[in-house]
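Colleague: Given the structure of chain X, go ahead and fit chain G onto it with the hints provided.
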Amino acid sequence: MSIANAAGRPRAAARIVGGVGFTLLLTFIGLTAVTFVIGRVMPADPVLAVVGDRAPQDVYDLVYRQMGLDRPLYEQYWRYLEQLSRGDLGTSIMTARPVLDDLIRFFPATLELATIATVLGVFLGIPMGVLAAVRQGQWPDHVVRVLGLIGYSMPIFWLGMVALLVFYANLDWVGGPGRIDVFHDGIVEPVTGLILVDAALAGEWEIFDNAVSHLILPSLVLATFALAYIARMTRSFMLDQLNQEYVLTARVKGVSEPAVIWRHAFRNVLVQLITIIGLTYASLLEGSVLTETVFSWPGIGQYITTSLFNGDMPAVLGGTIVVGVCFVGINMFSDLLYRLVDPRARA
Amino acid sequence: MSADTHQERPPRTGLRTWLLSDTPASVAQARCQRFYLAWLAFRSNPIAMTGLGIVAALVLMAILAPWITNGSGLEPELGNRLQGASAEHWFGTDQLGRDLRDRVIWGSRITLYIVGLVGIIVVPVGLLIGTVAGYVGGVVDNVLMRITDVFLAFPRLILALALVAALGPGLENAILAIALTTWSPYARIARAEALTIRNSEFILAAQVQGASTIGILYRHVMPLCVSSVIVRLTLDMAGIILTAAGLGFLGLGAQPPTPEWGAMISTGRQYLLDQWWVPTVPGIAIFVVSLGFNLLGDGLRDVLDPKSGR
Chain X
4 MSIANAAGRP
14 RAAARIVGGV
24 GFTLLLTFIG
34 LTAVTFVIGR
44 VMPADPVLAV
54 VGDRAPQDVY
64 DLVYRQMGLD
74 RPLYEQYWRY
84 LEQLSRGDLG
94 TSIMTARPVL
104 DDLIRFFPAT
114 LELATIATVL
124 GVFLGIPMGV
134 LAAVRQGQWP
144 DHVVRVLGLI
154 GYSMPIFWLG
164 MVALLVFYAN
174 LDWVGGPGRI
184 DVFHDGIVEP
194 VTGLILVDAA
204 LAGEWEIFDN
214 AVSHLILPSL
224 VLATFALAYI
234 ARMTRSFMLD
244 QLNQEYVLTA
254 RVKGVSEPAV
264 IWRHAFRNVL
274 VQLITIIGLT
284 YASLLEGSVL
294 TETVFSWPGI
304 GQYITTSLFN
314 GDMPAVLGGT
324 IVVGVCFVGI
334 NMFSDLLYRL
344 VDPRARA
Chain G
10 MSADTHQERP
20 PRTGLRTWLL
30 SDTPASVAQA
40 RCQRFYLAWL
50 AFRSNPIAMT
60 GLGIVAALVL
70 MAILAPWITN
80 GSGLEPELGN
90 RLQGASAEHW
100 FGTDQLGRDL
110 RDRVIWGSRI
120 TLYIVGLVGI
130 IVVPVGLLIG
140 TVAGYVGGVV
150 DNVLMRITDV
160 FLAFPRLILA
170 LALVAALGPG
180 LENAILAIAL
190 TTWSPYARIA
200 RAEALTIRNS
210 EFILAAQVQG
220 ASTIGILYRH
230 VMPLCVSSVI
240 VRLTLDMAGI
250 ILTAAGLGFL
260 GLGAQPPTPE
270 WGAMISTGRQ
280 YLLDQWWVPT
290 VPGIAIFVVS
300 LGFNLLGDGL
310 RDVLDPKSGR
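Protein sequence lines, in the order shown, are assigned to chains X and G. Residue numbers for the first sequence follow my numbering, beginning at 4 and rising by one. Residue numbers for the second sequence follow my numbering, beginning at 10 and rising by one.
For the record, the hints were derived by calculation from the structure and aren't laboratory data. Don't be surprised by glycine CBs; every beta carbon is placed ideally from N, CA and C. Please note that a few of the clues may not be correct.
[Claimed, not checked] Covered by chain G, according to a simulated footprint, are these stretches of chain X (three or more residues, beta-carbon under 8 Å):
id	segment
1	145-158
2	289-299
3	305-311
4	330-341
So that you can see chain G by itself, here it is in the shape it has in the complex:
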């Protein structure tokens, strides 16, 4: 028995030694080691692992939605209105007889769509403005950072409200409004990173070789700023989800019959007294998912920056 397990182990140990070796032989090995060490630290943090589990479950739910639901969650089935939880409808049905479990599962796609799109807009904008300000410096830095400060000082929710009022209610407009009010901290972070990178020797080397400013920014400065920006994004995810749900609740985000969780709470609100599950179930979904992102972000910060893990 024990001989068998011993025979199985060497390849695994081999990978481990390769990953933990003090003398990496290639750049690729060094990179893998960095990730592996971070993963080891991350894995030993129960809070972070819980968060990762919740977020992974959300992603799985979104991917598998067509196979784990009994329909699109959009067609009304008026014979089944407002039924309580049962084997057939785990979370009951809503005012149009739609299965709440199906709708919550389909809603996970919308939640991921929102955070994904906000991230795709906010990260490049923040990176671009921050790195240009930090690397170029001088007047450019001053002007860009003043603009960033102005956006940083704005009341976010109210501004998002006013923007949606001007653009018209809808999911895409809500996303745009959230993105417009969240990019500024990313520019600050990217600038701080760019300031420290700017005076490194490898940047000087690139300059001496005649690399253009745009080339240096794109190839050398931006890639090094990405990781801290991503950590910040993870920490902001919960806030983005809550703002989007809030806009949906006010009727300014996704419009019915879209199964967006905030909008579901808003339309289910009038059934609160007698059929409490209709608005309660999507609220629990919002809470669990934003808790997941908060736990994950908290853990990531602990791992990547032990000093701030207070």
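Only chain X is shown next, with the shape it has when bound in the complex:
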């Protein structure tokens, strides 16, 4: 019904898309401006990084001009934007490869981890939130609330460490750090870069199982925050709906309680949950930095931190931009979807 509503008023929809698009553009300009400034205030001299500190003065001057450092700032920024729009994120000092190529290699690992964590958060968090709302003020509600606060307060890098100690080192229930055991490494031809998908495509079910046993712990750890957030928001949205008159009407009409909860109240919550899930997904893509460090997960977060310690600024900034673009993109997309689907958000 609500979708038909938006479609019936193409002008309103166009205005919403235009508004979100404008914010998106502005945010990208801001993001690139910040990374540009960070790249320039970096204490190390970018020219020295290229020519080395023994280069004679005339070589230094030449490279200085070639890199455009003698031009005014706005011109340098414009050139920077041009480079970015060509997908040129510069060359990594550490690997001597284009930063974009490196990122493409590391990105699937992060994507796999964040996706599984979000799925876990959604499938555990939503039922918990609904249960808490339906049993408001009773013990399930208190349990969910306390679990939520614990999830919010947990330093996930520490939780990951302790989980590794207990479930890998002591109990040996799961695989250790890394995406896969060493002797399985490199057997499956990378097609998508997502090990689960690649192994399934190749029919290598042993490798698939191994990858799952490596993935389960980091994704559960990463999902803690998502779970807490989604459960809390679901509970609060559900309470809003359950106090509405249409729910009372349905109950008076004799609709069964599960039907009232899931078919009536939950349906109206679903739209709001889109935004929450989008936000969670984006923040997990970003927040996986710490989890990746603990689990030696070869993803973008680890790439950024290793580059950081090697003073590889193009790699750090390239990673920041790619994560930033994904983050902003997912947020804006879920915002857009929400506004298009829910007529109440169109004011």
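Modeller: Only chain G this time, still in chain X's reference frame:
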């Protein structure tokens, strides 16, 4: 016996009646009443009281650190390396033989320093930008809020990482990076408040009397926006502590031998398998303190805004 207690009670009852009177005689009394009523509501909320207890314990620990520790927690004592818990070392010792209890206690000062400094930077900046945008309106509002939106949309941890990369690792730089990525929600809140205050009659009265815009902002608008900003800060404290600990864990925040909890976990990580307590104890400290701030913030919000206590 009972007569004695009756004699003792009147002054207390007097204070209570004064605090609960329906007809306050002075502004001061009205203010005290407001706080007292809020405190009564707050006190009946066990979650909030637990949070308050944890935060109070943290502050006490930080203040009393020189008296309740056996040293600065910085000098290595290699003869005592990696000892388990004992009467002398409650939480054991770390890889350099330093007492973990002492280090956790000294670390509470650093945690408070971090949240305090972030608060001191973030609250005035957010208040200033938000109230100016809300009160002045028009183009100024548009420009300021667009900038706020841009910062609001940034991925925070990654941006903090990049900033620390540029500024160099260190506690102060980590604090600066966190502050730069957290001020935007405060500007939004302050603006929303300023928008409702702007059309009040007392503001009109001040304008008619010829008060300057800066004077009105400073004397009338900002003080009224402070409380909601402070509640938000309490709710954000745990997040700030976790981000700072995360940066410390990555080696980008406080540097060893500073007893910052995140950095302690990072340096103790290699002893996890055999001396599990070395990285575990500071982690528990981080968890308890951020739980404390979360409980406190949750309770404060319940008390100050019953509608959102869902």
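Colleague: The structure should be examined with respect to each hint, and the outcome stated for every one.
Modeller: Now the hints, each set against the structure:
1. 145-158: holds (count 6)
2. 289-299: holds (count 5)
3. 305-311: This one holds; 3 residues, not fewer than the three required, reach chain G with a Cβ under 8 Å.
4. 330-341: holds (count 4)
Going through the hint list in order, the structure satisfies each hint without exception.
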